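J.: Note that the protein sequences, when read in sequence, are chains A and B.
My numbering applies: residue 1 is where the first sequence begins, and numbers increase by one.
My numbering applies: residue 213 is where the second sequence begins, and numbers increase by one.
Here are a few chain A residues that face chain B, going by a calculated C-beta distance under 8 Å:
| id | residue |
| --- | --- |
| 1 | 9 |
| 2 | 18 |
| 3 | 19 |
| 4 | 20 |
| 5 | 23 |
| 6 | 24 |
| 7 | 26 |
| 8 | 27 |
| 9 | 43 |
| 10 | 44 |
| 11 | 45 |
Think of the hints as simulated: they come from the structure by calculation, not from any bench.
Just so you know, these numbers come straight off a predicted model, no measurement behind them.
Every residue, glycine too, gets a C-beta built ideally from N, C-alpha and C.
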Amino acid sequence: MDEDLIAKKDVLEEAGISYGQLYRWKRKGLIPEAWFIRKATVTGQETFFPRDKILPRIEQIRSLKEEQSLDELVQILAPEAAPETVKHDDPAALSPIGTEGRKLLWKERGYTFGELVALACGTHALRSGTRPAEAKLLVDLVRAEETVLRTPTGMTALLGEKAFEQEGFSVRLTLGVLGHEPLKVDRESRVKHRVDLEKIAEQVKLALREVT
Amino acid sequence: MESQSISISGSGRVSGGEYTQVRISGSGRVEGDVVAQEIRVSGAARFQGTVKAKEISVSGAGKFTDRVEADVLVTSGSCGIEGDAEAKELRSSGAQRIGGSFRGHYVRISGVLHVARDMETDVFTSSGKFDIGGLLSADRVEIKLVGDSRAREIGGENIDIRASSGFSFGFSLTRGFRLGVGIGTLTVGEIEGDNVHLEATTADVVRGKIVHIGPGCRIGRVEYAESLDVHPEAEVRERIKR
Numbered sequence: 001m002d003e004d005l006i007a008k009k010d011v012l013e014e015a016g017i018s019y020g021q022l023y024r025w026k027r028k029g030l031i032p033e034a035w036f037i038r039k040a041t042v043t044g045q046e047t048f049f050p051r052d053k054i055l056p057r058i059e060q061i062r063s064l065k066e067e068q069s070l071d072e073l074v075q076i077l078a079p080e081a082a083p084e085t086v087k088h089d090d091p092a093a094l095s096p097i098g099t100e101g102r103k104l105l106w107k108e109r110g111y112t113f114g115e116l117v118a119l120a121c122g123t124h125a126l127r128s129g130t131r132p133a134e135a136k137l138l139v140d141l142v143r144a145e146e147t148v149l150r151t152p153t154g155m156t157a158l159l160g161e162k163a164f165e166q167e168g169f170s171v172r173l174t175l176g177v178l179g180h181e182p183l184k185v186d187r188e189s190r191v192k193h194r195v196d197l198e199k200i201a202e203q204v205k206l207a208l209r210e211v212t
Numbered sequence: 213m214e215s216q217s218i219s220i221s222g223s224g225r226v227s228g229g230e231y232t233q234v235r236i237s238g239s240g241r242v243e244g245d246v247v248a249q250e251i252r253v254s255g256a257a258r259f260q261g262t263v264k265a266k267e268i269s270v271s272g273a274g275k276f277t278d279r280v281e282a283d284v285l286v287t288s289g290s291c292g293i294e295g296d297a298e299a300k301e302l303r304s305s306g307a308q309r310i311g312g313s314f315r316g317h318y319v320r321i322s323g324v325l326h327v328a329r330d331m332e333t334d335v336f337t338s339s340g341k342f343d344i345g346g347l348l349s350a351d352r353v354e355i356k357l358v359g360d361s362r363a364r365e366i367g368g369e370n371i372d373i374r375a376s377s378g379f380s381f382g383f384s385l386t387r388g389f390r391l392g393v394g395i396g397t398l399t400v401g402e403i404e405g406d407n408v409h410l411e412a413t414t415a416d417v418v419r420g421k422i423v424h425i426g427p428g429c430r431i432g433r434v435e436y437a438e439s440l441d442v443h444p445e446a447e448v449r450e451r452i453k454r
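With the rest of the complex left out, here is chain A:
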């Protein structure tokens, strides 16, 4: 099934924003190109957005806008603007990671932005009850793909699990997958944990701002 889409004009109406704002935010990269979905309708071409992404994003831009300028917002929200030079020494101080998360990838100091996001992904999994070994899998996966954090397309990292049971034997396999939604697993497997990379990256950026 198609994901839930909302027409551009309905976005304007529901969120109470103007065309000027929408186009400005798009130009600044606050609304990723990938969210603009052009479709043919009875009345011609129209642009749609994924509802569960665009509406929260507009809310976010609005609430953050009161304290910061649009350009600062870009630093936080636009994935292309991921800080390349960040070297953070104390991930435990960042709320999306914390002390439990830091253990997933131990370094003395100098965590890169990609590593922080990777850690936050792992922590996200830990906090919802995934075993540390599995959370670590997620950290390794994301850490190796740092470049995807800078592309403006929504990527998802997930942990899939497959269980084999035969003659009293039971083996469970967990594996990490990185890709674009919709990601599907076969019927005998299940998705153990799913993280939206863009969201996590955003949380890390916000947390970094809080501590500096």
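Using the hints, position chain B against chain A.
T.: Below, chain B alone, put in the same frame as chain A:
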């Protein structure tokens, strides 16, 4: 280390690198990526590689085979950029061609502009002719039509498109139309803005808050939120108040 300047006034080629100033007044070729404070082309130049400079001016013929980045890009001759271009300010009174997308803050066109993909800027003013293959997006779009221009989409806050009679004085605009001497048209698929004023424009769909459809327009459908007025010499097939 102090970076150096190069000047080609006959015919020559240099390799890329970091320069203070690059001047080409004869025929020159730069091979490789270039970073410079200033690039001036008054002859014929070909840059093979990415170019990054504070100021680029082309008054002869400049060709860039890759991406171009500048604070100020001024072209009065012919300037072809095959990749994407980014400039805070673009002023072109010659022929400007961009093979990719353009991003910037301020654009002023009085010659001919051709952009294969999107043109995104804060201010776009044109009294020239343009052809934009993708979206033209700006807070302020001010177009005085000269010749036949086109874009796939235009979107922004204020969109103001005026026909020009072709004479700087002596003819009123409406009179020019009545006599059929109005020159310049715009053809667009879709226009979206908060304040939209159109003249001599053909569009499939126009969406806006306050919409004014002036003389010479042919619009398939107008969707407006607050107000719409249509000039008697305009044609609007369908009007929808939202």
